[in-house]
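Q: Residues per chain are reported as follows:
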Amino acid sequence: MGTEHILGLATGTIFGFLLQKGRVLRFDKQVGALLLKDMTIFKFMLSAIMVGMVGVYALQAMGAISLSHKAANLGGLLLGGALFGAGWAIMGFCPGTSLGAIGEGRWHAVFALLGMLVGAAIFAELFPLMKSTVLAWKDFGKVSLPDVLGISPWAVIAAFWIVSIGMLAWFEKKGL
Amino acid sequence: MRLVTSDGGWNPYLGGALVGLLAIASAYATTKWLGKTAYLGASTTFVRAAGLAEKTIAAERVSANEYFTKEKVRVDWQFMLVIGIFLGALASSLLDRSFKLEAVPPLWEQYFGPSIAKRAVAAFLGGAVAMIGARLADGCTSGNGLSGLMQLSLSGFVALAMFFGVGVATAKLVYRRAE
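Here the protein sequences line up with chains A and B, keeping their order.
Take the first sequence: its position 55, counted from the start at 1, is 55 in this note's numbering, and no numbers get skipped.
Take the second sequence: its position 161, counted from the start at 1, is 161 in this note's numbering, and no numbers get skipped.
Here chain B stands alone, though its shape is the one from the complex:
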């Protein structure tokens, strides 16, 4: 098995195993230094970021909202983790020169053409639906998927089965090659 893939990336088993080690180290470090074990996750940060943004135009609405109050609108450990994902990907892609400004994903273009507007509308609507789902399920592919399964949580198994099951079915319906 090769350590470097044809696109210059690392072997996915190696990269994945290192993420597993990172998750273990992170659980240990957060327990030791923050007093509470934190697991990798991302979607709660979108609630906090939405709350912070909404606060600038309607502060009272945010402070009166039960869900924003429950999830606490503040920049916390996970918020910084999500910002870190951006920085780490930026650093990695600049270092190995895989950074590329891309307006439309190549695979999307094969099915739907080069229109940026078309891609933007689909991504926006898909994003809104996915986030409503992630909040209902109390976690996304990171929180419920990675972290949930690492802990053998019942919720993780159910969530990941639904994510992939419905994801595969939707992809089959949406990505049909034009005749």
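Next comes chain A alone, as it looks inside the complex:
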């Protein structure tokens, strides 16, 4: 194992530990959120994003890290996003959390894991077709929301914090 592998394993182990402590790995929590009955995973994700965006943009401003946007490919995001959403609701796990769920003994997540491996192999076969159709439709490139809006990233971060805090306060008030 080289540095790359040790670093990945260490980071992943802490990530898995925190996901398990937050109790967000479970089928019941994931589907509970999609049924809008238990907002634990929203609270967890939003908190991670709110903290993360401040650090990421601060470090980027200091030149310590670089951003790595994914391409805003409209066809891929709309169709792929829809397929992911539908599959997620039925499977009850995301790719990363399925491994964590198996770790905490929920071994039925193995079936989800196998399905995802087969899905990945199917996609590899479909890729040439997708590239010339869905993915060829409209690509806005590797851009950020502040780039598109022409404003400072810190304005977007401030707005994100305000909206998120409002939403989280509402969840708490409703006891979700």
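These are computed hints drawn from the structure, not numbers from a lab.
Where hints are given, some of them may not hold.
Anything over 12 Å on all C-beta distances counts as not near chain B; from chain A, calculated [what the hints assert, rightly or not]:
hint : residue
1    : 126
2    : 166
3    : 170
4    : 174
Computed list of lysine-lysine pairs in DSBU-like fashion (alpha-carbon distance at most 35 Å, straight line) [as the list claims (entries may be wrong)]:
hint : chain 1 : residue 1 : chain 2 : residue 2
5    : A       : 138       : B       : 118
6    : A       : 131       : B       : 36
7    : B       : 55        : A       : 131
8    : A       : 37        : B       : 172
9    : B       : 55        : B       : 32
10   : A       : 174       : B       : 32
11   : A       : 138       : B       : 70
12   : A       : 142       : A       : 131
13   : B       : 118       : A       : 142
Sample of chain A residues facing chain B (criterion: CB under 10 Å; computed from the structure) [to be verified]:
hint : residue
14   : 87
15   : 128
16   : 156
17   : 160
Backbone N, C-alpha and C fix where the C-beta goes; we use that ideal spot for every residue, glycine too.
Once you have looked at the hints, place chain B on chain A.
A: Okay, now just chain B, sitting in the frame of chain A:
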């Protein structure tokens, strides 16, 4: 607000904030030691794992495949990260005794009964569809959701809106209580 939830877990705001700090530290560490900033993600690893598995039965098919070639079938930083998620969850659940062997999720059982076969088929098909979607969107809830939004990527906002929008609609259709 309580620091420990009724099921013995940590407050989700605390756990989430710590994941945010981990993502920042990880971006810094990968830049410093690997020379390239890496963000948390998971779904590309499934392509690499599928490629590694397929290689054992049809090596030529894998090496001739454009997508496997593009994503490079190898055990990389993210591959180890995904293995780490398993180990971290195992350690955490053993330490606080929340580890539990479970054949069918309790919520699933409420709607569809205790059949393992039924759950297995649904999870397998749902998993296949979700992964095809994640690869089309170039990322899952981690890569597009967490990491994309942290970087304020346009793709992250669109992807997460689709994930949750369609996820909520599908859940509403699928999980109906038997009359």
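Q: Next step is simple, just say for each hint if it's right about the structure.
A: Structure-based check of all given hints:
no.	hint	verdict
1	126	violated (7 Å)
2	166	holds (15 Å)
3	170	holds (15 Å)
4	174	holds (15 Å)
5	A/138 <-> B/118	violated (39 Å)
6	A/131 <-> B/36	holds (27 Å)
7	B/55 <-> A/131	holds (23 Å)
8	A/37 <-> B/172	holds (11 Å)
9	B/55 <-> B/32	holds (33 Å)
10	A/174 <-> B/32	violated (44 Å)
11	A/138 <-> B/70	holds (21 Å)
12	A/142 <-> A/131	holds (17 Å)
13	B/118 <-> A/142	violated (41 Å)
14	87	holds (3 Å)
15	128	holds (6 Å)
16	156	holds (5 Å)
17	160	holds (8 Å)
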